[in-house]
Amino acid sequence: MEASAGGGCGAGPPLLLSDGEQQCYSELFARCAGTVSGGPGSGPPEAARVAPGTTTTAAAGPVADLFRASQLPSETLHQITELCGAKRAGYFGPTQFYVALKLIAAAQSGLPVRTESIKCELPLPRFVMSKSDGERRIGNPAELLGTKVQIPYLTTEKNSFKRMDDEDKQQETQSPTMSPLASPPSSPPHYQRVSLSHGYSKLRSSTEQMHPAPYEARQPLGQSEGPSSGGPGSKPLRRQASLIRSFSVERELQDNSSNYLDEPWRITEEQREYYVNQFRSLQPDPSSFISGSVAKNFFTKSKLSIPELSYIWELSDADCDGALTLPEFCAAFHLIVARKNGYPLPEGLPPTLQPEYLQAAFPKPKWECALFDSYSESMSANQQPRDLNRMEKTSVKDMADFPAPTQDVTGDDKQATAKDCTSLKARPRSRSYSSTSIEEAMKRGEDPPTPPPRPQKTHSRAASLDLNKVFQPSVPAVNSGLLPPPPALPPRPYPSQSEPVSEGDLHPQLNRAPSQAAESSPAKKDAPHAQPPSKPIRRKFRPENQSTENQEPSTGGTASAATVKPHPTVHKQSSKQKKAIQTAIRKNKEANAVLARLNSELQQQLKEVHQERIALENQLEQLRPVTVL
Amino acid sequence: MAMCIVVIAKENYPLYIRSTPTEYTLKFYYMVHTSLDVVDEISAMGKALVYQRELYLGLFYPTEDYKVYGYMTSSKVKFVMVVDSSNTALIFQKLHNSYTDVMCNPFYNPGDRIQSRAFDNTVTLMMIQVC
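Protein chains in written order, with my numbering: chain A, 1 to 629; chain B, 1 to 131.
None of these hints come from the bench; they were simulated from the model.
You may find that some hints are simply not true.
[Claimed, not checked] Just the calculated beta-carbon pair ranges, DEER-fashion:
{"#": "1", "chain 1": "B", "residue 1": "Thr100", "chain 2": "A", "residue 2": "Leu598", "range": "19 to 29 Å"}
{"#": "2", "chain 1": "A", "residue 1": "Leu602", "chain 2": "B", "residue 2": "Ser43", "range": "14 to 24 Å"}
{"#": "3", "chain 1": "B", "residue 1": "Tyr13", "chain 2": "A", "residue 2": "Pro307", "range": "11 to 21 Å"}
[Said to hold, decoys possible] In silico contact screen, one side only, chain A against chain B (beta carbon under 8 Å); selected entries:
{"#": "4", "residue": "Glu270"}
{"#": "5", "residue": "Ala295"}
{"#": "6", "residue": "Ile306"}
{"#": "7", "residue": "Leu309"}
{"#": "8", "residue": "Trp313"}
{"#": "9", "residue": "Ala318"}
{"#": "10", "residue": "Cys320"}
{"#": "11", "residue": "Asp321"}
{"#": "12", "residue": "Gly322"}
{"#": "13", "residue": "Lys572"}
{"#": "14", "residue": "Gln573"}
{"#": "15", "residue": "Glu590"}
{"#": "16", "residue": "Asn592"}
{"#": "17", "residue": "Ala596"}
No residue lacks a Cβ here, since even glycine has one placed at the ideal position from N, Cα and C.
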């Protein structure tokens, strides 16, 4: 390796590599190159292709991370990269890598970044961040042994390592293949340690690359750089970190260290609750998405700059679909919070913010599951329309994403159209009148599981069905949690009412009717402001229910059908009238909604035309004096 | 390997420029600019917009052996690439995928310069891998 490295140097400055230095540098280099190839297919495939080239190259990612670990400003790193790598067409071969390390040492000791500086004696490059190879290497044997003896040894190792690097750098400047010119007194322990670490690294060569995430944590305790180093830049490291967990030896160490280090990126329970609540305020269904535009408006309120928000989105939207699920949203929110508190943004999504991790760590709150479960138990049949609704909603949501700019303006319009659809499609869509955005309207509509029993309940009741349809739009928000709107049942219960419905049929339905009335009344009372006209109808309706209830038990008492018949017929006529009235009311409301939407659109156009007119008049005035003259 | 990759918007201004730093950088930019004319020529020929559109300009300079490839998306965003390999179809596909990921970001306004790090990484890989 020495000869080859020296030979392959070519146009670069001559590098002197001692045995020890060779080992260290080759380890570093292999790590940078190996992390890419060692990553279990998690990195981009091109990266993997880089490593096994005939000219082994270190992938830019790990190398860049390593360089950043040196705590140098990015401009300096750029200079270093140019100086060492520009001679080769943009990749880090061994020579460039070593030259870069030397330049880092030079920069850290305050020397200007020039090729001449590396010819001087230099202190070791300091890679403070845990990603540093030296510290990583030091950490590995220490943690592997895990005894107290190792801890003081660790510090001495660090020192010796640094000195070793220093002398190596010095030696680099001398000649390509000369043995170390200056052997510092620490060289024997240095060689020992190098062999020790090298031995360990050989033993755990496969795991070494996987250790960066947890072992990093050990080193920069309490440093402000911690958060950014704690977020390993590349996906391979993340995956490797997860692989590590299978190693029982390091498990505890890793957990402790990762707990400590990832604290800035770890979401606490309270934070989680807060994020989930915020998610719900944007999107009531925690299992659905927040669209891009909604999230954009929301996150823009955080007053972060657009490029930063863009970067945060890039980090958190793992599947790049332009929408945020609950874990993605929590990750994004957490990143924003961290950024506002001054933490620099990580290079890549930290492991504790990964969607899988978040989903595993924080399962959905029970209550919503219970809510869904209760509905699902009672009516399994509705799941299909519900799923269909959801699919429709997602497709609508996707479509709704596009007219984002017009979203707010036409929010009312969409609500109106949603209302129009109620008669045709499933009810949920019509419920979100209180929301301001189309997507929210669609999503809210999709939330409540629509229970089929409800239609069955209301099936027999004369006026209840129509009233429910009418009331649906009026109680959107309330209905979402309490009273899922019954799906549209075009067949009105006329045929059912005309028939001498069996008593048995009526009984259970009426039994359910009062319960539904009880449910609906609180729901409707909750939104009295929304639809005042509906109240009197409801009150009219209720006595009718009560009358029917009174009638039914009485009829139930008598087995003869003769007594049953007159009551249903009287019932039918009044119910028919009421139905007609309610149908008319509903149609009028729909027409009103359509006209209101038209009105708003026309108003908008009128405004625009006004503005154009004003602009034209201004132009005319400006031109007029000229023409007159 | 790709020497230079440029993403050009519909209105023919650059959204993203990245090139290997050599002394031919300016020449690359000039060639990319002139290749826009060729793109317009081809699109004006009235052919149906095929997904993968390659325009092969051939050997530009006798001393250099590289080719300029072009690729146009359905939204008239063009990727122009100066390469000296011929594995362009795959590269363009990857670029296109990366570009759509950038588009998915709601904070990205179409027409802005592309500042996504993920896109940068992809382009870097393009430039490095075939090197």
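Taking the hints in turn, this is what the structure says about them:
For Thr100 (chain B) paired with Leu598 (chain A), a C-beta distance near 37 Å fails the hint of 19 to 29 Å. One distance hint, 14 to 24 Å for the beta-carbon pair Leu602 (chain A) and Ser43 (chain B), is violated here, with the actual separation near 39 Å. Separated by about 19 Å at the C-beta atoms, Tyr13 (chain B) and Pro307 (chain A) satisfy the suggested range of 11 to 21 Å. Given hint, Glu270 (chain A) at the interface with chain B, is violated; its Cβ is 28 Å from that chain's nearest Cβ, farther than 8 Å.
About 6 Å separates the beta-carbon of Ala295 (chain A) from the nearest beta-carbon of chain B, less than 8 Å, and the hint is met. A hinted interface residue such as Ile306 (chain A) counts as satisfied when its beta carbon comes closer than 8 Å to some beta carbon of chain B; here the least separation is about 5 Å, so the hint holds. Interface restraint check for Leu309 (chain A): the shortest CB-CB distance to chain B comes to about 5 Å, inside 8 Å, so the restraint holds. At a threshold of 8 Å, the smallest CB-CB gap from Trp313 (chain A) to chain B is about 5 Å, leaving the interface hint in force.
Because the smallest distance between the Cβ of Ala318 (chain A) and any Cβ of chain B comes to about 11 Å, over 8 Å, the interface hint for this residue is violated. At its closest, the beta carbon of Cys320 (chain A) sits 4 Å from a beta carbon of chain B; the interface hint therefore holds under the 8 Å criterion. Look at Asp321 (chain A): its Cβ gets to within about 6 Å of chain B, closer than 8 Å, so that hint holds up. For Gly322 (chain A), the interface hint holds, the least distance from its beta-carbon to any beta-carbon of chain B being 4 Å, beneath 8 Å.
Violation of the interface hint for Lys572 (chain A) is found here, the shortest Cβ-Cβ separation to chain B being roughly 55 Å, above the 8 Å cut-off. Interface hint status for Gln573 (chain A): violated, as the beta-carbon distance to the closest one in chain B is roughly 57 Å, over 8 Å. A hinted interface residue such as Glu590 (chain A) counts as satisfied when its beta carbon comes closer than 8 Å to some beta carbon of chain B; here the least separation is about 34 Å, so the hint is violated. Residue-level restraint check for Asn592 (chain A) is violated (minimum Cβ-Cβ distance to chain B is 34 Å; threshold 8 Å).
Taken as an interface hint, Ala596 (chain A) does not check out: its beta carbon lies about 30 Å from the nearest beta carbon of chain B, beyond 8 Å.
Going through the hint list in order, the structure does not satisfy hints 1, 2, 4, 9, 13, 14, 15, 16 and 17.
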